[in-house]
Amino acid sequence: MGVKWLLRWQPPTSLPLTTPMFEEILANAEAIGAQQGGRWQLTSTLYRPIVREAKGGEPAAVRDLFMITGTEHPEKLWLVVRQEKQVLVADASLLAILDKVQLYKQRTAVTFEGRVYEMGDFRLRLGRAVFSINEQLRGITLEVEYLPTQSSAQAVPMLTEFFAVWDESLKSKSLLGKFVVVDPLFEEFGLSDNYSLQHMALHYVYLSTLFLIGTRVS
Amino acid sequence: MECIVQGVIEIKNVPGFQTLLQGLCGTCSSPVRCHEICLRSGPNLGAVESEVRLLCNLVEESPRWTVQHIGSAMRGAAAEQLPAAVRTLLTSAVTENALPVFLALGYRVDYELLKEGVTFCCVRQGVPLDVSVLTISKLPVLHDLSQAVPLTPGLQLVQVTGPAAPGKFAEPAAAIAGLAEHVVQYVRLSKPGVLAGFPPAQNPAGGA
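Protein sequences, first through last, are from chains A and B.
Its first residue numbered 1, the first sequence is counted upward by one per residue in our numbering.
Its first residue numbered 1, the second sequence is counted upward by one per residue in our numbering.
The following block holds chain A by itself, in its conformation from the complex:
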């Protein structure tokens, strides 16, 4: 894999997110010459501990556990424990174990779904973020992957250049708003400069947290 940047679309405060807005952003990918590929999906699921008896007091466990699953790597899943700064990569079969032990239960989930585009050394994933409960559109996301390297330091100039082209093309459209980079503190989780699947999982956990708490990033 390469190095990914993850961005979220931020319209002006007064403007709600709409599907036509997403379609116009998809059109921008084709406008810059990207070739449309297949569909993709990624789900970020929030779990909370199951407490057996309220009178027994709170068990010693983390409050929030995020699980990431997706079509890009269907054979894997990721567990992210933000409070303990841990990202675990596991075979997808871990889900059956977690279901069996019934330690945590699913509270809510954010699903990112959309289209993949290819453009030379870059791969784009444009997605709609929806809640599992009501399928309400909560966000529009852009993932840009620079494929030739895993080194973030090496990839940043290329990604910056690509994004300038993307942004220039987008400005020519009638859309009001901008894409904002999601930038988790990877070093806090002990992750190096080399972009990995753990980085990817953290990216989407941070993004889904923003959608879950409804915070706007400036």
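It is possible that part of the hints are untrue.
What follows is a list of derived Cβ distance ranges for each label pair [as the list claims (entries may be wrong)]:
| hint | chain 1 | residue 1 | chain 2 | residue 2 | range |
| --- | --- | --- | --- | --- | --- |
| 1 | A | A164 | B | C28 | 57 to 67 angstroms |
| 2 | B | P128 | A | S169 | 56 to 66 angstroms |
| 3 | B | G178 | A | T108 | 48 to 58 angstroms |
| 4 | A | L147 | B | A79 | 51 to 61 angstroms |
| 5 | A | R39 | B | K168 | 56 to 66 angstroms |
| 6 | B | L142 | A | S169 | 56 to 66 angstroms |
| 7 | A | T71 | B | R53 | 29 to 39 angstroms |
| 8 | B | K168 | A | P74 | 45 to 55 angstroms |
| 9 | A | T18 | B | A170 | 57 to 67 angstroms |
| 10 | A | L147 | B | G154 | 57 to 67 angstroms |
| 11 | B | V149 | A | K100 | 29 to 39 angstroms |
| 12 | B | A170 | A | T108 | 43 to 53 angstroms |
| 13 | B | Y111 | A | V180 | 48 to 58 angstroms |
| 14 | A | T108 | B | R108 | 26 to 36 angstroms |
Below, a sample of chain A positions facing chain B; criterion: calculated Cβ distance under 7 angstroms [claimed, not checked]:
| hint | residue |
| --- | --- |
| 15 | M1 |
| 16 | A60 |
| 17 | E84 |
| 18 | I97 |
Everything labelled a hint here was simulated from the structure, so no lab data went into it.
Ideal Cβ positions, reconstructed from N, Cα and C, are used throughout, including at glycine.
Since the structure of chain A is already known, use the hints to place chain B on it.
Just chain B, lined up with the frame of chain A:
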């Protein structure tokens, strides 16, 4: 799912037993060195009390971690008739930070073991069986493998497992029973938790 039987063998009889296994299984054997950490769910956490095992395969240069959940053995009249226990076995390969993650989720270290020995893969009646001959050691000091102490000095555990699936456990159980007959001069194999003792000629106490 898996079918499983276990038995105990005296270390002095292990070379003869392994020669017999090589004859039965061919030369397909591999070393075992596995750090097993048994984790139990903390008080008041989870719909039910639960247990998972973290296994660290130390044979290869870079250790490989696996999470394992073993279900309780199948019960009922049909299960009683089978020569092997049938139980659910779920495994998942995980990254090396599995222990801090599972501790953060609310599990606690119950005990730790070091399992060392050799395993043979043996196809009987078309069923691939794993036959392991292991020394089981406890770790008196947390995570310190250098201070491992054998639980049963002079004895090793023999474990035979075969893959099973819902409704498809008679064949592996029969294959295990067939193997058990071939090795009965060295070890008496039985369902886990059912003590079968030693073969009469090799009973360390001198009796049957």
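Cross-check of the supplied hints:
In this structure, A164(A) and C28(B) meet the distance hint of 57 to 67 angstroms, their C-beta atoms being roughly 59 angstroms apart. In this structure the hint that P128(B) and S169(A) lie 56 to 66 angstroms apart at CB holds, the actual value being about 57 angstroms. For G178(B) and T108(A), the hinted distance range of 48 to 58 angstroms is satisfied, since their beta carbons lie about 52 angstroms from each other. Roughly 53 angstroms separates the CB atoms of L147(A) and A79(B), a value that falls within the hinted 51 to 61 angstroms.
In this structure the supplied range 56 to 66 angstroms is violated for R39(A) paired with K168(B), their Cβ-Cβ distance being about 36 angstroms. Distance hint for L142(B) and S169(A): a CB-CB separation of about 58 angstroms, consistent with the stated range 56 to 66 angstroms. T71(A) and R53(B) have their C-beta atoms about 31 angstroms apart, which keeps the hinted 29 to 39 angstroms range intact. Taking 45 to 55 angstroms as the suggested C-beta distance range, the pair K168(B) and P74(A) does not conform, at roughly 26 angstroms.
The beta-carbon spacing between T18(A) and A170(B), approximately 60 angstroms, falls within the hinted interval of 57 to 67 angstroms. A beta carbon spacing of about 59 angstroms between L147(A) and G154(B) agrees with the range 57 to 67 angstroms that was offered as a hint. Here the CB-CB span from V149(B) to K100(A) is close to 32 angstroms, well matched to the stated 29 to 39 angstroms. In this structure the supplied range 43 to 53 angstroms holds for A170(B) paired with T108(A), their Cβ-Cβ distance being about 44 angstroms.
For Y111(B) paired with V180(A), a C-beta distance near 49 angstroms keeps the hint of 48 to 58 angstroms intact. Between T108(A) and R108(B) the Cβ separation comes to about 28 angstroms, which falls inside the hinted range of 26 to 36 angstroms. Because the beta carbon of M1(A) sits about 16 angstroms from the nearest beta carbon in chain B, more than 7 angstroms, this interface hint is broken. Given the 7 angstroms rule on beta carbons, the hint for A60(A) holds: about 5 angstroms separates it from the nearest Cβ of chain B.
About 4 angstroms separates the beta-carbon of E84(A) from the nearest beta-carbon of chain B, less than 7 angstroms, and the hint is met. Here the hint on I97(A) is kept, as its CB sits about 5 angstroms from the closest CB of chain B, short of 7 angstroms.
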